[in-house]
Amino acid sequence: MNDERNIFIGLLFLSGQTAYIQDLRTILAPINMENRIMDYMDDFNKLDIGLHIRSVAGGYQMVVDDKYYSRLSSFFSIRSEILSKAAKETLAVIAYKQPISKVIVEQIRGVNSAGVIKNLLDKNLIKIVGRKNVPGRPLIYATTDFFLEYFGLNNLSELPTFREWQELNLNPSD
Amino acid sequence: MSELLEIELSNFEGPLDLLIHLIHKNEMNIYDISISLITDKFINALGNLNDIDIELASDFVQMASYLVYLKSRMLLPQDPDGEDEADVEEEKFMLTQRLLEYSYYREIATLLTKYEEISNRYLARNECLVVANRFYGNDDSYNLAKLYFSNLEKKPKHIFVKNDRIDIRTIIVKLREMVFNNEFILWEDLCSECSDKREVAVTMLAILELVQLNVIIALQKEPFGSIIVRKS
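Keeping their order, the protein sequence lines are chains G and E.
Per numbering that gives the first Met the number 0, residue 0 is the first one in the first sequence, and the count goes up by one each step.
Per numbering that gives the first Met the number 0, residue 0 is the first one in the second sequence, and the count goes up by one each step.
Everything labelled a hint here was simulated from the structure, so no lab data went into it.
All of these numbers come straight from a predicted model, not from anything done at the bench.
Every residue, glycine too, gets a C-beta built ideally from N, C-alpha and C.
Be careful, since some hints might not be right.
[As the list claims (entries may be wrong)] Facing chain G, according to a computed beta carbon distance under 10 Å, are these residues of chain E, among others:
{"#": "1", "residue": "12"}
{"#": "2", "residue": "18"}
{"#": "3", "residue": "57"}
{"#": "4", "residue": "99"}
{"#": "5", "residue": "105"}
{"#": "6", "residue": "123"}
{"#": "7", "residue": "140"}
{"#": "8", "residue": "141"}
{"#": "9", "residue": "144"}
{"#": "10", "residue": "145"}
[Said to hold, decoys possible] Chain G stretches covered by chain E per the calculated footprint, using a threshold of three residues with CB under 8 Å from any CB of chain E:
{"#": "11", "region": "85–97"}
{"#": "12", "region": "147–157"}
[As the list claims (entries may be wrong)] Each computed DMTMM-like pair below joins lysine to aspartate or glutamate, with the alpha-carbon atoms no more than 20 Å apart:
{"#": "13", "chain 1": "G", "residue 1": "66", "chain 2": "E", "residue 2": "116"}
{"#": "14", "chain 1": "E", "residue 1": "113", "chain 2": "G", "residue 2": "65"}
{"#": "15", "chain 1": "G", "residue 1": "84", "chain 2": "E", "residue 2": "115"}
With these hints in hand, go ahead and build the complete structure from the sequences.
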């Protein structure tokens with residue numbers, strides 16, 4: 000019997016959303032917590048009961064195994080909407096350059112981005128983190144935890160850096 | 000041959016997207032683009048610009064004019080004493096850097112599409128089963144402001160729900176009273192008491208009902224003439 004493991008699993012079941020490490024610390028014993036959680040995750044995922052726990056956005060979330068996606072999504076009419084190309088391009092710029100103002104986003108993309116930014120704010124993929132100390136004091140934006148969750152990333156460093164990308168492109172033989 | 004593929008501007012995210020597309024199509028090296036050639040191709044691509052959204056087109060036109068400017072600068076002899084303007088080669092380098100940076104983000108956007116596809120396949124609840132004691136996340140100023148303003152917008156909107164059902168029984172009671180208090184009533188008088196067409200129709204039904212029950216008599220002397228209602 001491992002009460003802590005069962006509490007952890009129960010918590011993820013009830014919440015459905017991502018449980019962040021800082022929140023888990025208030026419920027579980029904080030010392031060496033992350034290592035134990037890794038074990039609990041393994042235990043649970045080994046059961047192979049159609050559910051599994053994934054680590055995402057610096058937290059943990061209980062999800063359905065992806066192999067059952069097509070069978071279940073038709074039944075539950077689940078989000079099939081995907082982001083537009085412009086939205087993803089803008090997100091990429093903000094993810095790398097954050098905190099960043101709208102003007103800089105537009106400079107990099109070469110197009111007006113006001114509508115896209117509003118849309119991303121409404122979808123909670125980016126947030127306003129303050130104002131830049133330049134004339135006009137423009138708002139500056141950064142990506143949210145939900146951004147990581149949406150794309151199944153643990154943190155921003157999982158995206159390739161400019162240098163990595165450049166090396167890949169210069170040696171297409173790889 | 001290169002014109003075989005029709006270029007649709009709305010398929011491009013912006014002038015930089017189009018520029019990169021043209022560079023690849025004409026098999027140029029992004030680090031050494033021929034400004035002259037790319038300018039021609041770019042302006043050609045804008046050819047059928049007439050029926051396009053001006054908001055969208057302005058960005059493309061701006062890029063086109065910049066390319067023409069760069070091309071003309073490269074044609075002119077360099078003024079060794081000119082200090083007011085940046086070196087042409089340097090400007091071309093800046094453009095290359097800009098293109099490189101943009102194509103990097105473009106690539107990341109495709110990578111994100113891949114991640115999105117994978118991540119979307121993991122189904123999860125999007126609502127909590129229980130109300131959490133703690134206020135998790137989402138407490139940023141934009142969301143707060145959005146909620147506040149959406150509340151402000153709601154306030155002045157009073158919704159009047161009108162009960163427009165007219166009960167035939169209340170009309171019958173009213174009609175009975177009127178008929179028994181007066182010797183007779185004219186249909187026109189009844190109509191003028193009604194607030195809308197629906198009530199007129201229900202009054203008509205009420206009269207027919209009372210006639211059938213033999214409570215009142217309705218008389219009409221000629222077609223389209225006045226109807227007199229009195230007790231039987």
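Evaluated hints:
no., hint, result
1, 12, "holds, 5 Å"
2, 18, "holds, 9 Å"
3, 57, "holds, 9 Å"
4, 99, "holds, 8 Å"
5, 105, "holds, 6 Å"
6, 123, "holds, 5 Å"
7, 140, "holds, 6 Å"
8, 141, "holds, 5 Å"
9, 144, "holds, 9 Å"
10, 145, "holds, 8 Å"
11, 85–97, "holds (count 8)"
12, 147–157, "holds (count 5)"
13, 66/G <-> 116/E, "holds, 13 Å"
14, 113/E <-> 65/G, "holds, 14 Å"
15, 84/G <-> 115/E, "holds, 12 Å"
The earlier numbered hints are all upheld by this structure, with none contradicted.
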